[in-house]
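Participant: Chains A and B, in that order, are what the protein sequence lines are.
Position 238 of the first sequence, counted from 1, bears residue number 238 in the working numbering, the numbering being contiguous throughout.
Position 110 of the second sequence, counted from 1, bears residue number 110 in the working numbering, the numbering being contiguous throughout.
Worth flagging that the hints you see were computed from the coordinates, not collected in a lab.
All residues carry an ideal CB built from backbone N, CA and C; glycine is no exception.
Honestly, I wouldn't trust all of these hints.
Here are the in silico distance ranges between beta carbons for each label pair [stated by the list, open to error]:
| id | chain 1 | residue 1 | chain 2 | residue 2 | range |
| --- | --- | --- | --- | --- | --- |
| 1 | A | D205 | B | R318 | 44 to 54 Å |
| 2 | B | G313 | A | A92 | 20 to 30 Å |
| 3 | B | S239 | A | A92 | 27 to 37 Å |
Beyond 12 Å from chain A on every Cβ pair, some chain B residues (computed) [claimed, not checked]:
| id | residue |
| --- | --- |
| 4 | P7 |
| 5 | I14 |
| 6 | G52 |
| 7 | I78 |
| 8 | F103 |
| 9 | V115 |
| 10 | G135 |
| 11 | F158 |
| 12 | V186 |
| 13 | V205 |
| 14 | V243 |
| 15 | G255 |
| 16 | G279 |
| 17 | V286 |
| 18 | L312 |
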Amino acid sequence: MSALLQVRGVTMRFGGLVAVDDAALDVAPGTITGLIGPNGAGKTTLFTVIAGFQTANAGTVHFAGEDVTALPAHTRALRGIARTFQIVQPFAGLTVRENIAVGAFLRHPSRGEAMARATAVGEAVGLGPLLDRPAGALTVAGRKRLEMARALATEPRLLLLDEVLAGLNPSEIRDMLPVVRRIRDDGVTILMVEHVMQAVMSLCDTVHVIAQGRMIAHGTPAEIARDPKVVEAYLGHGAARRLAGGADA
Amino acid sequence: MRSSYLPIALAVAILAVLPLGTSSNTTLNFLSFALIVALAAQGWNILGGYGGQFSFGHAAFFGTGAYGMALLQVRFGINPWLALPLATLLGAAVGAAIGALSFRARLRGSYFALVTLAFAEVFRILANAWGFTGGAAGVLVPLRIEAANMQFADRATFYWLVLACVAAGLVLTQAMARARFGAWLVAVRENEEAARALGVDSLAVKLRAITLSSGITALAGGLYAQKFLYLDAGIAYGSWISVEALLAPIIGGLGTVFGPLVGALVLLGLGEATKIALGHALGGAVPGVDLVVFGVLLILCVAFAPRGLLGLGADVRRLLRRPV
Numbered sequence: 001m002s003a004l005l006q007v008r009g010v011t012m013r014f015g016g017l018v019a020v021d022d023a024a025l026d027v028a029p030g031t032i033t034g035l036i037g038p039n040g041a042g043k044t045t046l047f048t049v050i051a052g053f054q055t056a057n058a059g060t061v062h063f064a065g066e067d068v069t070a071l072p073a074h075t076r077a078l079r080g081i082a083r084t085f086q087i088v089q090p091f092a093g094l095t096v097r098e099n100i101a102v103g104a105f106l107r108h109p110s111r112g113e114a115m116a117r118a119t120a121v122g123e124a125v126g127l128g129p130l131l132d133r134p135a136g137a138l139t140v141a142g143r144k145r146l147e148m149a150r151a152l153a154t155e156p157r158l159l160l161l162d163e164v165l166a167g168l169n170p171s172e173i174r175d176m177l178p179v180v181r182r183i184r185d186d187g188v189t190i191l192m193v194e195h196v197m198q199a200v201m202s203l204c205d206t207v208h209v210i211a212q213g214r215m216i217a218h219g220t221p222a223e224i225a226r227d228p229k230v231v232e233a234y235l236g237h238g239a240a241r242r243l244a245g246g247a248d249a
Numbered sequence: 001m002r003s004s005y006l007p008i009a010l011a012v013a014i015l016a017v018l019p020l021g022t023s024s025n026t027t028l029n030f031l032s033f034a035l036i037v038a039l040a041a042q043g044w045n046i047l048g049g050y051g052g053q054f055s056f057g058h059a060a061f062f063g064t065g066a067y068g069m070a071l072l073q074v075r076f077g078i079n080p081w082l083a084l085p086l087a088t089l090l091g092a093a094v095g096a097a098i099g100a101l102s103f104r105a106r107l108r109g110s111y112f113a114l115v116t117l118a119f120a121e122v123f124r125i126l127a128n129a130w131g132f133t134g135g136a137a138g139v140l141v142p143l144r145i146e147a148a149n150m151q152f153a154d155r156a157t158f159y160w161l162v163l164a165c166v167a168a169g170l171v172l173t174q175a176m177a178r179a180r181f182g183a184w185l186v187a188v189r190e191n192e193e194a195a196r197a198l199g200v201d202s203l204a205v206k207l208r209a210i211t212l213s214s215g216i217t218a219l220a221g222g223l224y225a226q227k228f229l230y231l232d233a234g235i236a237y238g239s240w241i242s243v244e245a246l247l248a249p250i251i252g253g254l255g256t257v258f259g260p261l262v263g264a265l266v267l268l269g270l271g272e273a274t275k276i277a278l279g280h281a282l283g284g285a286v287p288g289v290d291l292v293v294f295g296v297l298l299i300l301c302v303a304f305a306p307r308g309l310l311g312l313g314a315d316v317r318r319l320l321r322r323p324v
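In isolation and in its complexed conformation, chain A is listed as follows (with noise of 0.2 Å):
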């Protein structure tokens, strides 16, 4: 099977500071994929890479088959690539339809036809009695779903989730996941960072794990958790063994 998404030996270096060194991952078609690492490991780095915002230092980010390492970020979102950002970027001045229609003209461009399509979307995501609201208005768990809608009105093959679930309470977590799988099984293959892991073991099909801008594990949920090295890139050196020892005391 070959991968929708591929991504060779990408390294990003801001001034000294190497972000990402030498990344590979792959993301098979029809999947939810997971990267995940601790904070500053250089997974947002290497999604603006693959989302075309910023320009690698090195490597390749193959899309379809494509060679796509050389295009700017609005041909990657026309190719099928869609993203969305960690920290939410709602066109405050618009309504919640007239933001998701901004993505639905890429596809639809007639005002109708996109404006439709945004109402659809939006009560796909859940926030259907919302659509005439402000966009400013919204709380951080609407917000977070219009992301989501922007980014699914481009109708992509393959969609980026920067930390959707960062900042929500448990409870808009449950009413999430329902989403995020929806998505998935109406076709639309997904890439997400993650901190959330009870949303990750129950979510994803494969994992991959950064640490200090190095790929250093994949495998199903399942694996990454009893990973060494997985542990120890989160809890800190020896921690594996460790905690290995205490299982047998």
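Start from chain A and add chain B according to the hints.
Facilitator: Chain B alone, transformed into the frame defined by chain A:
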């Protein structure tokens, strides 16, 4: 959907019958001038109001339109009816060039404002020095009153010509606001990063906006040249028009269809009324008093009506409708 054009038809109809109520040349001159400023402001509003790119130098486009109109006639003997669209295109080309230079360099906010201001000043100094533009003496379009020469015996005729252009500007703005381009332009204003993530080519959108914007303002400049038949660098490229083109939409309502028109009429109307009133009270003209009025209006607007007079009107209507 068609009904959204009804207010435009209504407003244009009201403005069209105004000359029938007066025979005073001063009033007609003032109304024509106010509508020319409104048209220049409509141009500014596309880029500044809808696109959020504040230009302090729309004089560069106004002046190019004005000089284009005058010089095409005087130096090349081109008929004004042809010269006007050519001058408009010339202004749009200058806008596209300035836009390409500054947007490619990723200038935003105050940096973009300062660069446009600098361009306008450079144009003013060049026009003042160059023999082709008549230098400091300016350029005079010969008086030859003929409809074929876009010079009319009745001042109302020229007023209606300007009004037709303003009406076209209103329709264009309304159509743009409802089209994909308008939605993308507003998205770029609100959040450029987020817009790019949704497939919006922000550079292309801004370039189209500045080209359209400068073309409309250049058209206003061309009409100005034909109305007054005289230009010099201080008039055509002077900062007065940059200021009025941006003040009118801010006072009327940024990024709205009617904002520039309402703003220009209120701004110039109050300025003129103050001039006349003070002139009577003090027995002589007080030069520059209209600028004081502009300043006061701007401060009042920023403090009490940040969405302009149209926004204020909408708020008041909502308050009145609310049951107590």
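Participant: Hint numbers the structure violates, sorted upward?
Facilitator: 6, 12, 13, 15
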